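Peer 1: Since the structure of chain A is already known, use the hints to place chain B on it.
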Amino acid sequence: MMFLQVKGVKKYFKDIKAVDGVTFEVDKGEIFGLLGPNGAGKSTTISMISTLVKPSEGDIYFEGENIIKKPRNIQSKLGVVPQEIALYPTLTGFQNLSFWGHVYGLRGKELKRRVEEVGELLGLNGRLKDNVEKYSGGMKRRLNIGAALLHKPEFLIMDEPTVGIDPQSRNHILNTVKQLNKDGMTIIYTSHYMEEAEELCTRISIMDKGKIISSGTKDELIGIINGKERIILSFDNINEVLMGKIKEISSISKVEVNGAEISIITTNTDLIFKDLISKINNTGCQVLSIDIKKPNLETVFLHLTGRALRD
Amino acid sequence: MRQLKYRDIVLKDLTVAIRDKKTLGTTILMPIVLITILSFALTSSFHDFTSVEQIDIAVVKNYNMENEVDSLMKKLSSGELGFKTSEEDLQDIKTLVDKINIDKMFFDEFLENKEIKKIVKYKILDEKTAMNELEKEKISAVIVLPKDFASDMYINYLTPFRNEVNIKVIRHPNRNISSQIVEEIVNGFANVINTTIIGKNLFIQASMEEGLGKEAFANIDEIVENLTNNLKKYKVQIDYEDLNERKPMTSASYYSFSMATMFILFAAGYGSKLLLEEKDNKTYDRMTVGGVEKRKMVVGKIFTVFFYTMIQLLVLVVYSSIVLKVNWGNTFLVFLICLTSSFCIAGLSILLSSIVYLTGNYNIGNLFETAVVQIMAVLGGSFFPIEVMPKTVQKLSNFTINGLALKSYIRVYFGHGIVEIYKNLVFLTIIGIVFMTIAIYLLKKEERGEFRDKYHKTKAYGNA
Numbered sequence: 001m002m003f004l005q006v007k008g009v010k011k012y013f014k015d016i017k018a019v020d021g022v023t024f025e026v027d028k029g030e031i032f033g034l035l036g037p038n039g040a041g042k043s044t045t046i047s048m049i050s051t052l053v054k055p056s057e058g059d060i061y062f063e064g065e066n067i068i069k070k071p072r073n074i075q076s077k078l079g080v081v082p083q084e085i086a087l088y089p090t091l092t093g094f095q096n097l098s099f100w101g102h103v104y105g106l107r108g109k110e111l112k113r114r115v116e117e118v119g120e121l122l123g124l125n126g127r128l129k130d131n132v133e134k135y136s137g138g139m140k141r142r143l144n145i146g147a148a149l150l151h152k153p154e155f156l157i158m159d160e161p162t163v164g165i166d167p168q169s170r171n172h173i174l175n176t177v178k179q180l181n182k183d184g185m186t187i188i189y190t191s192h193y194m195e196e197a198e199e200l201c202t203r204i205s206i207m208d209k210g211k212i213i214s215s216g217t218k219d220e221l222i223g224i225i226n227g228k229e230r231i232i233l234s235f236d237n238i239n240e241v242l243m244g245k246i247k248e249i250s251s252i253s254k255v256e257v258n259g260a261e262i263s264i265i266t267t268n269t270d271l272i273f274k275d276l277i278s279k280i281n282n283t284g285c286q287v288l289s290i291d292i293k294k295p296n297l298e299t300v301f302l303h304l305t306g307r308a309l310r311d
Numbered sequence: 312m313r314q315l316k317y318r319d320i321v322l323k324d325l326t327v328a329i330r331d332k333k334t335l336g337t338t339i340l341m342p343i344v345l346i347t348i349l350s351f352a353l354t355s356s357f358h359d360f361t362s363v364e365q366i367d368i369a370v371v372k373n374y375n376m377e378n379e380v381d382s383l384m385k386k387l388s389s390g391e392l393g394f395k396t397s398e399e400d401l402q403d404i405k406t407l408v409d410k411i412n413i414d415k416m417f418f419d420e421f422l423e424n425k426e427i428k429k430i431v432k433y434k435i436l437d438e439k440t441a442m443n444e445l446e447k448e449k450i451s452a453v454i455v456l457p458k459d460f461a462s463d464m465y466i467n468y469l470t471p472f473r474n475e476v477n478i479k480v481i482r483h484p485n486r487n488i489s490s491q492i493v494e495e496i497v498n499g500f501a502n503v504i505n506t507t508i509i510g511k512n513l514f515i516q517a518s519m520e521e522g523l524g525k526e527a528f529a530n531i532d533e534i535v536e537n538l539t540n541n542l543k544k545y546k547v548q549i550d551y552e553d554l555n556e557r558k559p560m561t562s563a564s565y566y567s568f569s570m571a572t573m574f575i576l577f578a579a580g581y582g583s584k585l586l587l588e589e590k591d592n593k594t595y596d597r598m599t600v601g602g603v604e605k606r607k608m609v610v611g612k613i614f615t616v617f618f619y620t621m622i623q624l625l626v627l628v629v630y631s632s633i634v635l636k637v638n639w640g641n642t643f644l645v646f647l648i649c650l651t652s653s654f655c656i657a658g659l660s661i662l663l664s665s666i667v668y669l670t671g672n673y674n675i676g677n678l679f680e681t682a683v684v685q686i687m688a689v690l691g692g693s694f695f696p697i698e699v700m701p702k703t704v705q706k707l708s709n710f711t712i713n714g715l716a717l718k719s720y721i722r723v724y725f726g727h728g729i730v731e732i733y734k735n736l737v738f739l740t741i742i743g744i745v746f747m748t749i750a751i752y753l754l755k756k757e758e759r760g761e762f763r764d765k766y767h768k769t770k771a772y773g774n775a
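So the protein lines, in turn, are chains A and B. Mapping of the first sequence onto our numbering: position 288 corresponds to residue 288, and the numbering continues sequentially without gaps. Mapping of the second sequence onto our numbering: position 122 corresponds to residue 433, and the numbering continues sequentially without gaps.
In isolation and in its complexed conformation, chain A is listed as follows (with noise of 0.2 Å):
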């Protein structure tokens, strides 16, 4: 029996589709990542998930059960840590995660223990007392996350937990996301930066205009392109002879330009470059910056949408 199972789920806003037929599976135990630019659906699709959102079409199941026909069977199970912060301001930490702990029905001692246990985990003990507003971005981020934390969910979907936080506050998330996968806990892990989702996620989908456009580990995503490398050398101004010298080079499986940018897609960078460099020169263009990209998810996503994943 598969933990979780999307099936053909489908959410319209009037006539805007925000998910458009979403189908895909997260095993126990796992980090699933759902990667894609804002407005992609990603946010959407865990909100019915997490049953906020009643989906237009389409089933969900959890651990073999209906969550749409009846949602109390993921809700006592599940911890949702959403994109916004949201928290009391005016309350202190330890207020806040007393009413979430309050929330998943944690009281008296246990829930005592649970909020330092979490307070621990999330580096925040000293600060506990402070009210919410005095804290810093990351602070806030964390205890945000620690809100999802208290009734130890089996299963934790977490949407752009790291937006907008300093690197020191990311990599202390990023950590904890290890740990508590470590520990058992399940996964949906839902981000733009496509680093964090190299990092961290054992399966990984890739979400664009409402649909799935394509789902793998990390290998295999990267495998669409054959590790094929892209070369970006931006000109003071292209003319014919360098794109006839360029593409008189052999191994190069692609050029596009794209202004004063050319792009060259190839399967062995070192091989070529020598060459490259030397083509160029004597033309009457002047490089001013050369940039090359191995091959990641972000180069996977160019590769399937013509796009930067955070264009």
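Hints should not be assumed to be uniformly reliable.
[As the list claims (entries may be wrong)] With a straight-line Cα cutoff of 20 Å, these simulated EDC-like cross-link-like pairs (lysine to aspartate or glutamate) come out:
hint : chain 1 : residue 1 : chain 2 : residue 2
1    : A       : Lys112    : B       : Asp437
2    : B       : Lys439    : B       : Glu420
3    : B       : Lys590    : A       : Glu57
4    : A       : Lys14     : A       : Glu57
5    : B       : Lys332    : A       : Glu261
6    : B       : Lys584    : B       : Glu758
7    : B       : Lys447    : B       : Asp459
8    : A       : Lys54     : B       : Glu758
Worth flagging that the hints you see were computed from the coordinates, not collected in a lab. Because the structure is a prediction, the values reported are computed rather than measured.
Peer 2: Using the frame of chain A, we list chain B on its own:
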């Protein structure tokens, strides 16, 4: 999974409210400051304000003036009264009867007396209608002027005899204080008359002993004229301290009641933003994901505003009692008014809250605070005693929450019991229930999606 308790929602919301300096300033600090300032600034304006409102009474005339005068003249001429009056004396008496109008004396000189008019408003009714109105508590008491009232009064004034005149005051048991006041007034009338009659009889007796009977009768008109003057000058002295064991209304008392009842409206204004704030902060969604039903969140908000208003009222009661020495009256009744007013405010608040939530517009709550509260304050008597306002405004005050609560506090202050405030309390409760029902209807409609398309841009977690 154990459920989130209402207590958790209320405690969280109350903590949030108490930490919100703006809310605390508007709902608690501001009324305290205003009560204090107005109490001292308007002390002199409250010297004449001693009663809540005019007492409505009915007067039943069981006598017929013309018939009784004819019958009296016949009795005097026939000697039925034990002596025979000469033709000359009869003529004198007839002149006096024409001069002294008993009706005029009782109604125009006495009940229309400036002092009495301030307290009592009368209407003449037949006995059946009067009793019916008394039963329905449209009036506080009925004064019954008996059959033979006019003839007995003339006999008492114009002859050496004294007939008993029994003016009945029928009181409604629920209108204890007001009917007691009416009885005091009637007793005052009787006293003035008795004093005059005794004086007149002594005068006649002394004149007879001196052999001046004829001159004595000739001077009776002067005595009666004095009586009329006495009635005109009659001053009603109702000692409220004796009657109610209360001091007269003071500016401190009035403004404690009026500011408390006005500023609870701001608690409704505060409450109006609670649901939308939860939605905007995404805490509403987070609770939904945690399995908290919308019904629980809405009822939680009702409880929050109810308890907040109770706290607000109790703080103002305690402050005014300790610092300004205001005696609010019967503690149980004051508490009961606080309870019903808070319930009504909670209803108003959840109605506003549902409208603000459905339209996604905080300005509706702001508009309520800046415009509606001010209008209700004026209509409800929060700025000036409602008695100085035009009749229409006085009637409208019965449809304002602060007006109903204020009247109830004032009545309790004057020593009235539950029977004289229960209608206001029932009305406040009904208003609260009606507001809550409308709010639930609107929110249910939203759940079915009928509002969502019209006003509310539905948004999932995050950006997409």
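Peer 1: Determine for every hint whether it applies to the structure shown.
Peer 2: Evaluated hints:
no., hint, verdict
1, A:Lys112 <-> B:Asp437, "violated (76 Å)"
2, B:Lys439 <-> B:Glu420, "violated (26 Å)"
3, B:Lys590 <-> A:Glu57, "violated (25 Å)"
4, A:Lys14 <-> A:Glu57, "holds (14 Å)"
5, B:Lys332 <-> A:Glu261, "violated (57 Å)"
6, B:Lys584 <-> B:Glu758, "holds (19 Å)"
7, B:Lys447 <-> B:Asp459, "violated (29 Å)"
8, A:Lys54 <-> B:Glu758, "holds (12 Å)"
In the structure shown, a violation is registered for the earlier hints numbered 1, 2, 3, 5 and 7, in ascending order.
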